[in-house]
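Novice: Residues per chain, in single letters:
Protein chains: 2
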Amino acid sequence: MEPIARVVPHFHEDLEGLKARLLVMGGLAEERVRASVQALVERDPGQAEAVRVGDEPINQLHVDIDQRCVTLIALNQPMAADLRAIIAAVKINTDLERVGDLAVNIVEAVQRYLTHLPVKPLIDIPRMAAIAQRMLRDALDAYVRRDLALAEQVLADDDALDNLKSQVFLELLTHMRAAPTTIEPALVLILISRHLERIGDHATNIAEDVIFMVTARDVRHHRPGDGHAGA
Amino acid sequence: MEPIARVVPHFHEDLEGLKARLLVMGGLAEERVRASVQALVERDPGQAEAVRVGDEPINQLHVDIDQRCVTLIALNQPMAADLRAIIAAVKINTDLERVGDLAVNIVEAVQRYLTHLPVKPLIDIPRMAAIAQRMLRDALDAYVRRDLALAEQVLADDDALDNLKSQVFLELLTHMRAAPTTIEPALVLILISRHLERIGDHATNIAEDVIFMVTARDVRHHRPGDGHAGA
Chain A
1 MEPIARVVPH FHEDLEGLKA RLLVMGGLAE ERVRASVQAL VERDPGQAEA
51 VRVGDEPINQ LHVDIDQRCV TLIALNQPMA ADLRAIIAAV KINTDLERVG
101 DLAVNIVEAV QRYLTHLPVK PLIDIPRMAA IAQRMLRDAL DAYVRRDLAL
151 AEQVLADDDA LDNLKSQVFL ELLTHMRAAP TTIEPALVLI LISRHLERIG
201 DHATNIAEDV IFMVTARDVR HHRPGDGHAG A
Chain B
1 MEPIARVVPH FHEDLEGLKA RLLVMGGLAE ERVRASVQAL VERDPGQAEA
51 VRVGDEPINQ LHVDIDQRCV TLIALNQPMA ADLRAIIAAV KINTDLERVG
101 DLAVNIVEAV QRYLTHLPVK PLIDIPRMAA IAQRMLRDAL DAYVRRDLAL
151 AEQVLADDDA LDNLKSQVFL ELLTHMRAAP TTIEPALVLI LISRHLERIG
201 DHATNIAEDV IFMVTARDVR HHRPGDGHAG A
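Chains A and B are the protein sequences, given in the same order.
For the first sequence, position 102 (counting from the first letter as 1) is numbered 102 according to this note's numbering, and the numbering increases by one without interruption.
For the second sequence, position 64 (counting from the first letter as 1) is numbered 64 according to this note's numbering, and the numbering increases by one without interruption.
Do not take every clue at face value.
Copies of the same chain look alike in the list, so a pair counts if it works inside one copy or between any two.
Stated by the list, open to error - Taking lysine to aspartate or glutamate pairs in the DMTMM-like style, the calculated list, with each CA pair at most 25 Å apart, reads: (1) K165 - E184; (2) K19 - D162; (3) K120 - D162; (4) K120 - E184; (5) K165 - D82; (6) K19 - E31; (7) K120 - D44.
Keep in mind that the hints were calculated from the coordinates and are not lab data.
The structure presented is a predicted model; accordingly, all values stated were derived computationally and were not measured.
Between the sequences and the hints, there should be enough to build the whole structure, so can you do that?
Specialist: Okay, structure coming up:
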């Protein structure tokens, strides 16, 4: 069987369409992270439930983008740089879909948290959410614009997120030790902070894919203090 | 610029070579999970440290497999079924690399756990590790053999893993409430159980990719009780 003929005229249009869809998906993922932490801060069970059941648009885009990537490659036999951009899209698509899942994990934890009295005023967790959202936005912009400096910025932001995660852990541990009734809700807040850290890890993965795509250089296993690690 | 000429004679050999490398990587990932939990059970700081610093072979394979996938597509312009197999390899490669990272997360938590007295005899966590290892092995075998039944088995195992995770959470919460000195080590055990759950999620992702690859049917967003969720 011969390969299907190259359909070059539409290729760059289709590739732009693919990137536009990834941006839409990134916007949806970012919004779900924002809404999940807003549900926590405002103690709003309705908002939590809306996030929990609201992952269908992202899931549909996930399937759609995956199929577009396969079709784009099969029909156009793209050259190295374009092929790397499409392979990057496959991976970014997976990362964004998992960010959508993590928003569900967060609001399920929020639903549990709301059955308790508040442990403390929430400062660092909303800060973590803001950083994670910005990382997602920057990583996607870096992909679309092939912007290396912005991708490097995402890697730097991940360190800030990891530091906040450690701070949240130690502070909540202190609460748990001082007042046993706070053990369960404080534990739930720690788990939420871990979900936000993982969202940052997904943004970091996207930024690393961008660097690989643009430079054909693999930075993924050469950074000191790799962001994935951390008990 | 024209596409590089098709080099069909080596294609299926190269594809088999790619699959063989994924199996090696899967074996390394599985071994790191096993070793990380063995370090916990045997309270062995040397073993924990060996896992922590031992992710180089997986990282090298990760880069190597990624590049092979791009090259295989660029040089051979594969047809739909083979293209889906290579795109699946790109994703599986990412999942296995993250399993390697999670083994680091586990042993960093183990190093922290070993600074405390044991909270309790460990039964469910080694059981979770055994299930996660089997899921990884089965998911990879399902990929190589295009075995749908085995892929479905992995999805079923993920439910068992989630149930154990919830059981671990509730049991350790009881310990924390009863004895405040156990708060920190019990919390660390909960985080380890979450890392193992995530390893199961990666195996589940691989199994879903296998089902998509074999049937060109997307099961990823149609399962009741999706394994990714859960506070």
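Novice: Hint by hint, note whether the structure agrees.
Specialist: Verification of the supplied hints:
1. K165 - E184: Cα proximity of K165 and E184: in one copy and across copies (18 Å, 16 Å).
2. K19 - D162: neither (29 Å within a copy, 35 Å between copies)
3. K120 - D162: within (21 Å within a copy, 29 Å between copies)
4. K120 - E184: Both: 13 Å inside a copy, 19 Å across copies.
5. K165 - D82: neither (37 Å within a copy, 42 Å between copies)
6. K19 - E31: within (18 Å within a copy, 38 Å between copies)
7. K120 - D44: Intra 16 Å, inter 37 Å, cutoff 25 Å: intra-copy only.
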